[in-house]
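Chemist: Whenever a hint applies, use it, and build me the whole structure from the sequences.
The listed protein sequences correspond, in order, to chains A and B. Start counting the first sequence at 1; every next residue gets the next number (our numbering). Start counting the second sequence at 1; every next residue gets the next number (our numbering).
Derived from the structure by calculation, the hints contain no laboratory data. Don't take each hint at face value.
To be verified - In silico DSBU-like links for lysine-lysine, alpha-carbon gap of 35 Å or less:
#: 1; chain 1: A; residue 1: K69; chain 2: B; residue 2: K57
#: 2; chain 1: A; residue 1: K49; chain 2: A; residue 2: K71
#: 3; chain 1: A; residue 1: K58; chain 2: A; residue 2: K69
#: 4; chain 1: A; residue 1: K69; chain 2: B; residue 2: K42
#: 5; chain 1: B; residue 1: K42; chain 2: B; residue 2: K78
#: 6; chain 1: B; residue 1: K42; chain 2: A; residue 2: K49
#: 7; chain 1: B; residue 1: K78; chain 2: A; residue 2: K71
#: 8; chain 1: B; residue 1: K57; chain 2: B; residue 2: K78
#: 9; chain 1: B; residue 1: K57; chain 2: A; residue 2: K61
#: 10; chain 1: B; residue 1: K57; chain 2: A; residue 2: K58
#: 11; chain 1: A; residue 1: K58; chain 2: A; residue 2: K71
#: 12; chain 1: B; residue 1: K83; chain 2: A; residue 2: K71
#: 13; chain 1: B; residue 1: K57; chain 2: B; residue 2: K83
#: 14; chain 1: B; residue 1: K83; chain 2: B; residue 2: K42
#: 15; chain 1: A; residue 1: K58; chain 2: B; residue 2: K42
#: 16; chain 1: B; residue 1: K83; chain 2: A; residue 2: K61
#: 17; chain 1: A; residue 1: K61; chain 2: A; residue 2: K49
#: 18; chain 1: A; residue 1: K69; chain 2: A; residue 2: K49
#: 19; chain 1: B; residue 1: K42; chain 2: B; residue 2: K57
#: 20; chain 1: A; residue 1: K49; chain 2: B; residue 2: K78
#: 21; chain 1: A; residue 1: K71; chain 2: A; residue 2: K61
#: 22; chain 1: A; residue 1: K49; chain 2: B; residue 2: K57
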Amino acid sequence: AQSVSQHNHHVILSEAASLELGCNYSYGGTVNLFWYVQYPGQHLQLLLKYFSGDPLVKGIKGFEAEFIKSKFSFNLRKPSVQWSDTAEYFCAVNTGRRALTFGSGTRLQVQP
Amino acid sequence: EPEVTQTPSHQVTQMGQEVILRCVPISNHLYFYWYRQILGQKVEFLVSFYNNEISEKSEIFDDQFSVERPDGSNFTLKIRSTKLEDSAMYFCASSVRDRRGSDEQYFGPGTRLTVT
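Modeler: What follows is the structure, given as structure tokens:
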């Protein structure tokens, strides 16, 4: 069965700092990869997804992620975070079957 | 923008009681899902539903759980005899059909189930 690891449980940054959140998965076959965000008091929303093509994926709100197949990684990046990016971020994977396997989440706190 | 809705937002029940969690998926979506998140743990897949039958389920989804689409709009999760360890946030999600499974799943706000 596949699994997803998110290395950073809690990240604190100042506004304008750069962000990189790690995500690694374990599965040897074809995968679809997702990053979801949950803002305080809101539901899970899709930030971006990768299923084929260009391994550098751009999402909403200036986020991007790079799929590196050899490293089984799908790290999320943003060059300059804002206070409004404070949220919990979840990496997820599915393997053609639709069930998503989630990582444990990373809580991002951006200080003004 | 269309969204998935869930009721109630919080349900408190006694151990051994039956609960039904309700979801209204986005109207043109064809796949429906339930996930749960126990406090401090990962979001876990429970079940997916398509064309009026279960298409996939996890080990968590045992005989005490059932799902139903009783009418054209609602999608329900029933827990027959709740246990303390069923206390969790339950998320409903829906998606349009995509043959590769890469479609976006739209999540509802969740129902917090507390079993006492």
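Chemist: Sort out which numbered hints this structure fails and list those numbers smallest first.
Modeler: 7, 12 and 16
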